[in-house]
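Starting from the structure of chain D, add chains B, F, H, R and E where the hints point.
There are 6 protein chains.
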Amino acid sequence: MEKTMAHKFINEIAPGEQINDIYIIAEPILRSTTRGDLYIAMFLSDKTGRLNGRMWQATETVYKSLPKPGFVHIEGRSELYQNNLQIIINNISVVDVSKVTLEDFLARTDKDTKQMFEQVKEIVGRLKNPQLKALVTEFLADDELMEKFRNAPAAAKLHHSYLGGLLEHTNSMLRVAVAILPLYPQVQADLVLAGIFLHDIGKTEELSYDMAFSYTDSGQLIGHITKGLLMINKKADELTAKGVKIEQSLIDALGHIILSHHGQYEFGSPKLPATPEAFMVYYIDDLDAKLNQVTAAIDKEQSDSNWTGYQRALETRLYRKRLE
Amino acid sequence: MEKTMAHKFINEIAPGEQINDIYIIAEPILRSTTRGDLYIAMFLSDKTGRLNGRMWQATETVYKSLPKPGFVHIEGRSELYQNNLQIIINNISVVDVSKVTLEDFLARTDKDTKQMFEQVKEIVGRLKNPQLKALVTEFLADDELMEKFRNAPAAAKLHHSYLGGLLEHTNSMLRVAVAILPLYPQVQADLVLAGIFLHDIGKTEELSYDMAFSYTDSGQLIGHITKGLLMINKKADELTAKGVKIEQSLIDALGHIILSHHGQYEFGSPKLPATPEAFMVYYIDDLDAKLNQVTAAIDKEQSDSNWTGYQRALETRLYRKRLE
Amino acid sequence: MEKTMAHKFINEIAPGEQINDIYIIAEPILRSTTRGDLYIAMFLSDKTGRLNGRMWQATETVYKSLPKPGFVHIEGRSELYQNNLQIIINNISVVDVSKVTLEDFLARTDKDTKQMFEQVKEIVGRLKNPQLKALVTEFLADDELMEKFRNAPAAAKLHHSYLGGLLEHTNSMLRVAVAILPLYPQVQADLVLAGIFLHDIGKTEELSYDMAFSYTDSGQLIGHITKGLLMINKKADELTAKGVKIEQSLIDALGHIILSHHGQYEFGSPKLPATPEAFMVYYIDDLDAKLNQVTAAIDKEQSDSNWTGYQRALETRLYRKRLE
Amino acid sequence: MEKTMAHKFINEIAPGEQINDIYIIAEPILRSTTRGDLYIAMFLSDKTGRLNGRMWQATETVYKSLPKPGFVHIEGRSELYQNNLQIIINNISVVDVSKVTLEDFLARTDKDTKQMFEQVKEIVGRLKNPQLKALVTEFLADDELMEKFRNAPAAAKLHHSYLGGLLEHTNSMLRVAVAILPLYPQVQADLVLAGIFLHDIGKTEELSYDMAFSYTDSGQLIGHITKGLLMINKKADELTAKGVKIEQSLIDALGHIILSHHGQYEFGSPKLPATPEAFMVYYIDDLDAKLNQVTAAIDKEQSDSNWTGYQRALETRLYRKRLE
Amino acid sequence: MEKTMAHKFINEIAPGEQINDIYIIAEPILRSTTRGDLYIAMFLSDKTGRLNGRMWQATETVYKSLPKPGFVHIEGRSELYQNNLQIIINNISVVDVSKVTLEDFLARTDKDTKQMFEQVKEIVGRLKNPQLKALVTEFLADDELMEKFRNAPAAAKLHHSYLGGLLEHTNSMLRVAVAILPLYPQVQADLVLAGIFLHDIGKTEELSYDMAFSYTDSGQLIGHITKGLLMINKKADELTAKGVKIEQSLIDALGHIILSHHGQYEFGSPKLPATPEAFMVYYIDDLDAKLNQVTAAIDKEQSDSNWTGYQRALETRLYRKRLE
Amino acid sequence: MEKTMAHKFINEIAPGEQINDIYIIAEPILRSTTRGDLYIAMFLSDKTGRLNGRMWQATETVYKSLPKPGFVHIEGRSELYQNNLQIIINNISVVDVSKVTLEDFLARTDKDTKQMFEQVKEIVGRLKNPQLKALVTEFLADDELMEKFRNAPAAAKLHHSYLGGLLEHTNSMLRVAVAILPLYPQVQADLVLAGIFLHDIGKTEELSYDMAFSYTDSGQLIGHITKGLLMINKKADELTAKGVKIEQSLIDALGHIILSHHGQYEFGSPKLPATPEAFMVYYIDDLDAKLNQVTAAIDKEQSDSNWTGYQRALETRLYRKRLE
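Chains as they are written, first to last, in our numbering: chain D, 50 to 373; chain B, 50 to 373; chain F, 50 to 373; chain H, 50 to 373; chain R, 50 to 373; chain E, 50 to 373.
Watch out, some of these pointers could steer you wrong.
Claimed, not checked - Cut-off 27 Å, straight-line C-alpha distance, at most; resulting in silico cross-link-like pairs (BS3-like, lysine-lysine):
hint: 1; chain 1: B; residue 1: K170; chain 2: B; residue 2: K57
hint: 2; chain 1: R; residue 1: K57; chain 2: D; residue 2: K117
hint: 3; chain 1: D; residue 1: K117; chain 2: D; residue 2: K182
hint: 4; chain 1: H; residue 1: K182; chain 2: R; residue 2: K117
hint: 5; chain 1: R; residue 1: K117; chain 2: R; residue 2: K197
hint: 6; chain 1: R; residue 1: K113; chain 2: F; residue 2: K349
hint: 7; chain 1: E; residue 1: K291; chain 2: E; residue 2: K170
hint: 8; chain 1: R; residue 1: K182; chain 2: E; residue 2: K370
hint: 9; chain 1: D; residue 1: K283; chain 2: B; residue 2: K160
hint: 10; chain 1: R; residue 1: K57; chain 2: R; residue 2: K160
hint: 11; chain 1: B; residue 1: K291; chain 2: F; residue 2: K291
Don't read these hints as lab results, they were simulated from the structure.
In this text, all values refer to a predicted model and were calculated from it rather than measured experimentally.
Just chain D, same shape as in the assembly (with noise of 0.2 Å):
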């Protein structure tokens, strides 16, 4: 199958259509019918939505054969059961993850990767104290970690759950910061600025997105806030190494502002903001998260109702009509 032909995606198929593309497979059974038949149970899903998949006829080989989960060409046929659709497979093969374009699974930021990018290292181009323009230079320069920041989603759920989402947060965070700085002109916007841009480095590696966004083994272990302070003394080290001494107030002055960043003990910050640019940053996180959370919620029903469903996280429903 050639990538070029486009992407059936799962919420445009309708019954009794003939399906011939890839999608992502989990958690695959086998099962046998009640006259011993095998069987095997899947889901098959895109970034659109997931549906059962039964492919009768099926053998232990077969079973064995398939990722769990991960990536597979499908050629079968649609059909409603029950009222739900599911997809009856004739051929099922595994597909190697270069082969896929993985925004049909993944959804991406619809803003331009590469502007945001580049805004981002123009703003913290800006900073004036050497120590953090270095530290600041060498995270610039590791071109692994910046493919991981321009790819990452800010979070598994709630705020910026997509791919780019980190960089469009930082980078959201960012020229709010610029924008309003001048105003509080007792607060030390060098470490506001570094302390933005690092401020959830720590997610390219708490999270995985190659299939869904859920967390790695570390990252659930550890967590985003602290790998970024593992992340910083690193880089801090190495540059002690090349010879350019980065002092540890400023080590900590800045690892405090990751540290407390979400303001409070029960969301996960071990330390509470104790200098103004830790409140600053703070502010800025919970205040750009919040609203895009809020305006994705509001988008993302469809109803006529003036108020979206009842927010968990927000303890509230939201009301959706604007002024006239």
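Same frame as chain D, but now just chains B, F, H, R and E:
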């Protein structure tokens, strides 16, 4: 005593000085000595501090003439008693508030009130929605209220607790909003700006600030949030009476911003934010209040320590050291 | 269809019956079958329950004519589908609400509304304070409002959630107050009685109860507590306009009772009780609401078990067994 | 010293008076002056206040004879020292508690104890359930316990913290119940009345009130709620031993009221209310306790202010002004 | 049916099998089909799972004979209906519990009950304090209670929720205490050991475990903590009646351990730990319960994932991967 | 002054003694008397207490020479002033910390540090996993760090707050683990032992304990939990540089124990325990810390009372009486 004479501030009085000036008297008590002589104990204060005062050979007539609290003109002498400075009073007389330079007794913003108010008017002058504009104009046209708006503190304690603090806080929030609204095009700018202008308007009735920053009876019973709602509805009613109809849905959307701007029930908001505009006003308010509180706490401490004392409201000490 | 015909209640429909009656339609959706034919899926309900409805061979014109939600007259037949009863619809037509017996669709208090209202009037008629009496009388004279007061539920869920519930709850609280006020002579009876009469008056604007118990937009944004304050202040303004002056301190003392009657911030009170009268109204409200909620939950369950199911709002199951 | 002589109350002592009276001594300490002479420092108190006492030229023998705390007869003189009144003691001797007029040292209800107890007996005498009646009668027949019931305070602090407070509180709650039970016919009156009578019976063992209101060791370790349960079960066992069988289900329903009457886990109830009767007792208890606490706090303050000081347990100041 | 025949477990039944075995019936309902025929729907279960059962051509007489819930002997056949297995019943008859192998229906500890109980007796046999020893011996001598102690689960859910769980948990805690007491010489070993032995003894009355793990009425109303206190006091009374006096202070110190062993009010402890012994029992209890809960959750999941599902009571998923 | 001379402890100074010894000076202030003479007020302390010091006829030069805080040699005399002991200073000179017997100023464990450390080494020497063993060995080989590990307190307040406290606490926890690990075979012993050894290793950088127990800037900003993670990762990097590869999954499993060992977000853990090993370390830590805190509080109080004062951190008073 002429108002042109410089006030002798409490924190400048040395032992053994002659005192001839106006102070605030508080909690005067008539007592008798072991020998049965009457004397009056009291506190004397201005914005720089508070001392004990003692008037020996007092009479019940003098005692009854004293305000509790109020402004008095004192003639007497300072002395050290058990290592504490106190003032021995020879003559005491009540002073009318019109004779008093209020700034000697209450801290005032060091920013230019007139300029800040012009800026507020300029920003809310940009509103495009005709009904919101009419409502805001109605507030601006209320000279008596605007006089209070320019003089009231933003809080009795914690943040912007000085004359002009409400204006300074509102001005600062408006400028933050103007700076970041272009970054969030889904958020309705008119509602945010009108919401910020009026979010603490109820403070003009909640707080008293004639001699000290405290609460009015009505303010303590009802609170500035509800008072703000009442004021908005009253202005809308007055506009309606003048033939300018304000839609209920607009009043509700604006009122919701006021009600929810503390962001959480436990901070006295009877409603949680449920619109993008309410979220934005909540975060800008918290950001501006906390940065004022944090930088004031850092500036206030005189010690050489890198840390302020423990800030109970923030659950932490604050780090005072800046990058070099 | 004549209103005099007895309504066929949802919970009385057996499979295979002819249906010819009025129901509430909700969430109608136009779908197409595998063969491409259009059909409409919907919910049909009255106060006894809810069923799926299916109209085959539907048209977009019919679909567009349907209210979402609203009252419709249905002709059709009941059948079992996968063990669930559903209604197959041959004819559907919109019904004007004036043709509907509302009691078939919304539960109503089983107490005598007229008698309860007379009792309310009799009790608040005992007020001695002339200003409070004038204020209460102004409310009683508002026929439109009193009509709502007699019909509104006291809550959308949890307690007294039926037509007339607000009146029943207010009446019950007033009678409790009359019974216990003599035991607490320090508590000002006039404030308590006026406070109870008006404590939930904002519910008349917060809740909608034409087809189901839910919130108005304005109610959801502002809440009945603040609405109550606004209504009291408006009535006081109207009295003032008529030359009957109501002291601000009296309005504040009464308003404080309304604001604080939920007793805790997390239940939406922006002020905690600070007067004996506010404490008394808070406890009587909670007592009456909880006893209604508890006894309703005990009555509702049909099982033989000594315990009801888990009541999330009460964090416990309830014990149904009585002493012998 | 004759008991008939009027006690000289602490708050009536002026400087320079001869003292010859009984006081409570607390925390006596034997110290030596700079010159090596021994003296005893102590506190002396009655129900109106507390002063420092100093006995110069003391001996270790005298010191060892002193109770810690206890009643002592003092001969000496009052004097002012650094503006504080203290008592210089010439003679000190231990006084047996039987010689003491307890009311001089501990506040007592100003209501008629005998009449209140008769009223309690009359109300619980109305019980119809024979087993509950037998159980309550068994308590009433326990003269020693009833003597404590009539004298104990209802709490060491906060509400009804004076001799006879437990009886006053129980009596008041019973009268509230009698007044409102007719309004809630689903609530089993017998359980409510017996529950109220016994809800705080464990306080007779939890609190000590011979010289001050404090906790017994057993009370502090176990608490009055559990103690109440133990007492009820013991009385039921004794009745069983006499051939009067009390059903376990009745003991459990009654016990549940005692266990849950604080209404929330964090107030020490190991069970949340799960019966209508438990809810009613919980609310009546809270209502009566809070109204006592609130009116006492309002009465206690001497100032002209419309507000009491901040009440930490209520998280607010209280408004003292009444309608005119 | 002979008990010696092996039970056919629910999770071993394939479609199309003949069924002739004992199961627990729950929630039987008598319904009529569209044609008016009566049938009975029910759940059938054993410790491995639960299925739907249908008995067509049923009568009201059969329905009335069925326990709700209880043990029944079923003759019938398994079949697939809409992908779910169900049992079509030809014959159903009530089975006396004495004929039932309880282990088929309720999970049981896989440890040796007899050996664990001997170990418990051996450990508490080391007590040196004669009164504590007498009290513990009195419990051990209560055969009926010890029978329950050996069979009860330690909780209805969460941890050790299987027959013998209470003994297993108590045994494990005692062995932990024996291991660590030498490291904390200030902690009184006798109190800790007796406290552990009795800390959950009230579970024998709180829980019912004849067909499923649930609460007795008395257990739900009173709770195992208070029940434990009652049992200890009753045993002490019985010893007193036999002439063996147990000091109240000892009962209180032991009782305090029972009352406070949940460590926090919100977990149902009416007292917080206030002795070293109470702290030790609290921590050993929590440690042993949580390790049982955590390892059981890890063992239970069948998937290949490194993580279990979300554990609500622990607010996290659990990591299942071990070091290599 | 020779270090061999015995230190005169603050709590042993009587009025009128000649003073010639080293103390810690804190908060020196230069003031002028009423007559204009300069004097220095200060606090003087050692581990037994704190007194006021006054140096009359001081100069600004002397004042500027003083550390704030630091060690000073004092010549002077003790006297009573207003019943408080103070020290009148004739000569004051700065003392280098190398001349100071630190134990005179900071409490130290009464256990044998060397023996405890050997025991720690012996226990972690049992590790079987080669990578964990290599990592632990790398820590043990860091002499500078181990010197701190042996001397640091375990906390600035609350528990083990004395020199050597970190070692004592770690040693005790390891011995508890060794004692109970055999009872929980599913728990991986190597991870638990390594986790305990390193759980508070960050305290060596978080706390300063040269003159008093307080926080370093870095410790206050970052905290010992995150510092521990950084130290572990750094050691692992160093091992990698030496060619000893430590798997990331092992570092994460160990790091997770450190991060989660406070057990709850509000105690500063950014992750909740998610492995059996993390649960075990959390409970052993809490058990050992609380038992140290509880027994220290009981030992510290001198009174005859059966109860200590109220312990705010434990929300209770503690019962001091033991079984007889």
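> Between K291 of chain B and K291 of chain F, does the CA-CA distance stay at or below 27 Å?
Replying inline: OK: K291 of chain B and K291 of chain F at ~19 Å, within 27 Å.
> If you draw a straight line from the CA of K117 of chain R to the CA of K197 of chain R, is it 27 Å or shorter?
Replying inline: Holds: K117 of chain R and K197 of chain R sit about 24 Å apart, inside 27 Å.
> Between K57 of chain R and K160 of chain R, does the CA-CA distance stay at or below 27 Å?
Replying inline: Answer holds: K57 of chain R to K160 of chain R is near 24 Å, not above 27 Å.
>> Next pair to validate is K170 of chain B with K57 of chain B; report whether the Cα-Cα distance is within 27 Å.
In response: The given pair, whose Cα atoms are some 38 Å apart, is violated under the 27 Å limit.
> Hey, K113 of chain R versus K349 of chain F, does the alpha-carbon distance stay inside 27 Å?
Replying inline: 23 Å, holds
> Is K117 of chain D within 27 Å of K182 of chain D, Cα to Cα?
Replying inline: This hinted pair is violated, its Cα atoms lying about 44 Å apart.
>> For K182 of chain R and K370 of chain E, compute the direct alpha-carbon distance and say whether it is at most 27 Å.
In response: At roughly 19 Å apart (the allowed maximum being 27 Å), K370 of chain E and K182 of chain R satisfy the hint.
> Regarding the pair K182 of chain H and K117 of chain R, is the alpha-carbon distance no greater than 27 Å?
Replying inline: 35 Å, violated
>> Tell me if the straight-line CA distance from K57 of chain R to K117 of chain D falls inside 27 Å.
In response: 33 Å, violated
>> Need the status of pair K283 of chain D, K160 of chain B: alpha-carbon distance at most 27 Å?
In response: Not OK: K283 of chain D and K160 of chain B at ~45 Å, beyond 27 Å, violated.
>> Between the alpha carbons of K291 of chain E and K170 of chain E, is the straight-line distance 27 Å or under?
In response: It holds: about 23 Å lies between the C-alpha atoms, which stays within 27 Å.
Hints 1, 2, 3, 4 and 9 from the list above are not met by this structure, while the remaining hints are.
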